[in-house]
Structures are given as structure tokens and as C-alpha cells.
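Peer 1: Dock chain B against chain A, hints included.
Which chain is which? The protein sequence lines are A and B, in order. Residues in the first sequence are numbered consecutively from 56, following our numbering. Residues in the second sequence are numbered consecutively from 56, following our numbering.
No incorrect hints appear here.
Stretch-level coverage of chain B by chain A, calculated; a stretch enters the list once three of its residues show a Cβ under 8 Å from a Cβ in chain A:
#, segment
1, 99-113
2, 303-314
3, 333-341
4, 350-363
Examples of chain B residues lying across from chain A (beta carbon under 7 Å, computed):
#, residue
5, Asn82
6, Val117
7, Ala120
8, Ala124
9, Ser152
10, Leu154
11, Trp156
12, Leu157
13, Gly158
14, Pro159
15, Gly162
16, Ile163
17, Asp210
18, Gln369
Keep in mind the hints are simulated off the structure, nothing from the lab. If you're wondering where the values come from, they're calculated on a predicted model, not measured in any experiment. Ideal placement from N, C-alpha and C gives every residue a C-beta, glycine not left out.
There are 2 protein chains.
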Amino acid sequence: MARIIALQTHDVRFPTSMTLDGSDAMNPDPDYSAAYLRLLTDAGDGLEGHGFVFTIGRGNDVQVAALRALEGHLVGRDVERTLADLGGMWHELVHDSQLRWLGPEKGIMHMAIGAAVTALWDLRAKREGKPLWRLLASLTPEEIVDLVDFRYLTDALTRDEALEILRAARPGRAEREKQLLARGFPAYTTTPGWLGYDDGKLARLCREAVADGFTQIKLKVGADLEADIRRLGIAREVCGPDIRIAVDANQRWDVGDAIRWMEALRPFGIAWIEEPTSPDDVLGHAAIARAVAPIPVATGEHAANRVLFKQFLQAGALSVLQLDATRVAGVNENIAILLLAAKFGVPVCPHAGGVGLCEAVQHLSMFDYVAVSGSTDNRMIEYVDHLHEHFVTPVEVHKGRYFPPGAPGAGTEMLAASIAEYTHV
Amino acid sequence: MARIIALQTHDVRFPTSMTLDGSDAMNPDPDYSAAYLRLLTDAGDGLEGHGFVFTIGRGNDVQVAALRALEGHLVGRDVERTLADLGGMWHELVHDSQLRWLGPEKGIMHMAIGAAVTALWDLRAKREGKPLWRLLASLTPEEIVDLVDFRYLTDALTRDEALEILRAARPGRAEREKQLLARGFPAYTTTPGWLGYDDGKLARLCREAVADGFTQIKLKVGADLEADIRRLGIAREVCGPDIRIAVDANQRWDVGDAIRWMEALRPFGIAWIEEPTSPDDVLGHAAIARAVAPIPVATGEHAANRVLFKQFLQAGALSVLQLDATRVAGVNENIAILLLAAKFGVPVCPHAGGVGLCEAVQHLSMFDYVAVSGSTDNRMIEYVDHLHEHFVTPVEVHKGRYFPPGAPGAGTEMLAASIAEYTHV
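Excised from the complex, chain A in its bound form (with noise of 0.2 Å):
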């Protein structure tokens, strides 16, 4: 009998502020990093499993500090019995009464759990050889509800919903899988968009980006409205007009700051606004949607658990579902959230702008395709060029489409060389 035998962590940061890669309205300076987990085992199959919170540098190690807080719940685990009951493991962890009071299910100590049970994903899909996506996409839908907690869901989405919505897609799942191996998954790219960039380096950004085959870009705003509004006219010159072009403010604004600034770049044909004001305003961004519409408000990037998405959702206050893989509680409760948009039929386009969210989230866009929402209807990844080749599996992205990675575990492996290079002091 295998067990878990050690949780060892590390405090990776990469000084991405000495670029301006990852600047925005409301994070001028950001060192993408990770408070990084690894799950040791005594199976002898030199497996590991291999999880992270994405940060952006100070702080990192408090984050750190909340991996190690889990300890006690991971080490002297039977492998086998923690791997085939990975709801009943979630459940352990974000009900641990304790550590729960630090939240609840949110911030720091949620993060922190997250990073965990998908180091736990991470070294079931490299023991049963297969990519994540595909390991999740092959569970039948009575597996896939016993992942979710409904535990406060259960006024918009109960367990036997979510039975339905996997049964209807199941029929499908083969085609859907070829189609992916075959055409990949959309992306859109935010590298032309950050706000430290100067017009110039955003127009030949633009300019690559259209070239590189993407159909959509993001630029950052919410600053200078002037400046706003001087960067669309270049992005849209350059791009042409057939380009979707997003905006992201980072939650610069209060409600009336965003009607009124949305109002001033409506003309450049915004195909959607993201996070206008606090991750927290549910009512606040439905009072923005009511507002800007037909525009997309998009957010979902710092929404601490299902509970915030459920409302958005219920309020209308979202038309795009930006989930972030490792803000919530990891591989779980990003299930719990597809199978709420999907039950709202709000697509999901995972955020990814930081240091390994692209080769994470692209297992859970793709599981949501092969196996739940069925569609690649205005669904699209994220990119951001930077960063990749500190994985084990970086992603394939050709044309403005990610391809599907074939390589067993979750995508979340950092190379060990890296780790060594980055860790902070």
C-alpha cells in the first residue's frame, strides 16, 4: 500500500515587473509566482503530484505558509483510497472547521486547498496516464456529481440538474473529443494589452497577434480614459474591424465610473468589458450589465467560490464566465462552477494571465467542452506569451487555438530547474 510521505513547498517568483508584462490599471508591478506544492509518494513510480497558487510576489510566502497548514491532512494518506475519493477529500479539506474560519471559502487558506487537491488531480491522471481533461472527460456523470459539493448551490443548481446536464452531453463526448485533437481549442490573447506598454509596442503587438491567427485581443484600461481611448484607436486601426477587441479594467471603477467610461469607448466595438469594479459587487455588476448592454460584462478572475459565481448568475451580472483555475478550490469546485454556467448557459473563458494558469486551465476548457457544456460557442482560453517554458508541458497554441496536451497529469508541473532558479530568498 502507497502512501502520501511528504508535502513540500516552494516560493517561486519570477520579476515580470521588470518588463511591465502583467501591468494593469490596478497592478502596475505584478511578479507573476507560485506558492508551489509537491505530493510525495512511496508508490516507487517516481510519480509525484504537483499543484499552485498563482500570486503576484509579495505575499507569496504566506501563501506558502497555507500549503504547509495542510500537512496534517495529507501526509500518511493511503494513495490509492485519496485518489478514488477526491469528493470525499475536497469535502476534508474546505470543511475543516478550523482552517475554515479563515474564510470561509475564500482568500488565502481556500487558495491553499485548491493548489492541493489539484496536485491530488495532477498525480491521479499521471498514475492512470492520462492528460487531465481527457481523465475527467472519461468519468461518467455519476463520478462527476460525486466531485461537487452543492452545499449552497442547491436553489439554482441541485444534484440531479447537473446529472442531466452530463447525460445530455454524453453522447456526444466522442466526436467532441475528435473535433479538439483535430482543431484545438479557441484562445484569445492579452499579450498586445498591458498597460506599461507604449503605443508603439502595442501596435506591433496587435499587428502579431492578428498575424499569429488570433480573432480576438484584450487590452487593459480603466487609468486614463484619454489614454484609453488613444490605445483602442491604434488596436483598432492596426487590427482592422473584424477583430474582437476586448477591454479589461481590473476593477478600477465604481458603478457609475464604468457606465460612463464604457459609454466613451462603445464606438470602438468592445466585445465585452471586464471586471469593471469589486469581484465581490454581484449587484453592482448587474447594475453595470443593465447598463452597457449590448455589451459583455465579463468577470470572474478574483471570484473566491461557487457561492459568488452562483449569484452571478442568477443576477444576470455576468455574460462571461472568467474563471480562475487556482483562485477557487481547485479541480472540484472549477467542475462545480461549468456545471452552474452551463446550467445558465453562460460560456466559460478561464482566465490565464499569470505564470502556468494557460497550461492548467486548458484541462478544464477542454473537460467542459468534451463533457459539459458541449459547445466551443464564444468560448475561448486565454494567453499570455510569457512564462511557458518553465513547465514540464507548456501549451501548444497554432493559429490562435490551443491544442490539446497529451502528456498524463495536470498540466501544473513546474521544471525543477526553474523552481531552483526562482525561488525567492
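Peer 2: What follows is chain B alone, placed relative to chain A:
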């Protein structure tokens, strides 16, 4: 010129789980704990600023790590200038863009900022020789609104509206301060109702509460309907018809459960139903409030920040606002929420079921009465009768009322001997 020269932290845990003090439907065995912070200066006056985050045990070490992450913001600062602009200090801490990613404005990092902010207020109150409630109540309306960050609030409360509320309350300040000193502030007690107590202990403690002059008690419910009905029957019989009995489900239910359960408990005459479901679920609470009316819905001890409270008020989702002083970001965010409550005409009855919370929150309720809401109608401070002996200025509660502390400071200073004895190793 004096500077802050050190930030010291302590992981303090009391073994309350041994007696089931504090036990409820979601927290069966809490160990009341404090992630504790001391700010030292070189002023030579012997004064220190103390603050803490209340937790219930495991994870208190992670909370301490979050306190430590604030060292760079605090150590080395000019004491006078910092204390003269605590609005600016709050803004610097909450809007540190890298730390903000770990919430934003919620969970471990936000609570750590709250402890630091409150420690600064404690230091300022000691230096001015005033208890915090009196210090706050001596500020001008303009000085008070300068402490508040109105970002994300302006669709419900603007700076000008807040000023109006404070100006309207100003003429009555002196008279209300006199009233407060003479008659104290109303309290209610949670002491009889912890879920882990047997029926005999429940009856005895109910009898004692009435004899002690309390006019409201609170019972934990939500784990077992039959047991709740039995325990409410005992409490109502012992207390008689005139004592208000509130119930507290500690987030145990989904929306439908809450509505059904409260139908069954309605005949006992319920003063309020507290935390019926997820503390993030504004829309769920609103649905429950509509269904269980006229029973008031109370919540807030786990509401992460002012944006959540804004929505609870906008949606009519609560009619008793139970702010937790150490969950939001310190004195400043408490003031923001008191102002929101005043705007909506909703009474604030702060959460105090923890260690040190009674000592801390009384200052905020008394400030609210003197300078903001101007009323004690339907306002009560929770009281629990344990662990007060560990504080330098323990609460003075007589005949069911809190009497105003006179000692300088925020009430947050724990005895050095208690810190030493209960430091977790």
C-alpha cells in the same frame, strides 16, 4: 521624532474545545485563538499598539505569517505622521497591489491588515490618553470621512452623504455620551446556547442570564431540528415570554433548508435568525428574509468587507448587521460599515463570540451610538462570559449592559502573562 521600531507577533491559542464553549452547528470544537500583533516604538513613553485577528485554532500560524508580511509597511515609519493619517495608512495597506491579489479584501490577508490598523488605533488612543470610543467620537465629521475608503461604495453611499449623517448626529453627542456613561449600552448573551451543552446546563444558564438582567439570549441551532425544538422549548419555558430568544445556524443551511427550518421554529417567538446560509450569499439571504418575515435575518460575522455589507443592505437581505471587528480591515472599515448601516437605517449588533471581541467591539458600538446612528434602539452587543480575564481592560457588563471603558486604548491588549502561557508551540 519617534519611529515604529518593531512588529512582534504571537500565536495564542486557548483550549476551549475541551469544554465545548463556543460549539455550534459548523464549529464543533473551536479553540479560541488570536493571531496577535504588537507595534513597538522608540518614543520612550512605554506605549505599544496591540491588535489581533480572532481565529478558532488551526491556521492561526498562517494568520500570524500574514501579520509578519506587513512588517515592511510599518517598521521604520514616523509615529506621529502615521497616526495623524490613518486613512492614508489604511489605503496603503489595503491597496498594496501585490498583497491585494491574495484576497482581494478578504480572508487571511485582509484580516491581518485589520489587526495592524487596529494596533495603530490602539497606540494612538493610548498616546492621546483616551479610550478608542471616545477618541473616535471626538473627531469632526470631516476627520471621520477621511478615514473611509469610498471606493466601491458610491452607488450606495457617497462621501457627502456620510458627512450629512455625521453632521446630523453631532449636536446630540454630548448628551448621548452622558447617557452612555450613566446607563451603559445594551447587551445580549450567547453563553447559554452553545450546541455542545446538555439540556440541564442550557436551562441553568438561561435562568442565570435572566437573573443577570439580560433581555435577550441566543441559541445555536441547525444541526438537528428535533433537538432544536426541544432546546428552544426549554429556553422559552425557563426564560418566560418576555425575554427575546435569537437563534443562530452558523451557515449550516441551503436556502430551502433555512426556510423550512424556520417555519418549524417560528412558534417559539424568534428574535432573529442568524447566519442561515453562506455568508457570501446576498441573494440567498434576501430570499430567506422574504420567506421568513417578519422574523428578522441577521448576518455579518463572516462578511468579508464593506462591499458585501453594501449589497446585503441594498438587497434587503439582513435587518440586523453583525459586523465582526477583526474580520474586516480594522477600525477604518468598521466605520465605513457603520456609516452604510446608518444610511440604510439598519441596526448594528456586532459579533463578539470569541476571545477579545467583546473588549474590542464595544468601542465601535459606543462610537456608533454617540456619533453615527445616535440610537440604541434594537442595538445590542453580543456577550460571552469567557476569557475576559486575559485582557488588560476586561469588559464591565452589569445587569445586561456594557459600561464604557475608561482606560486609554482600543481594548485589544492581552496580558503579557496570558500571551506567554497560551502561546502555541
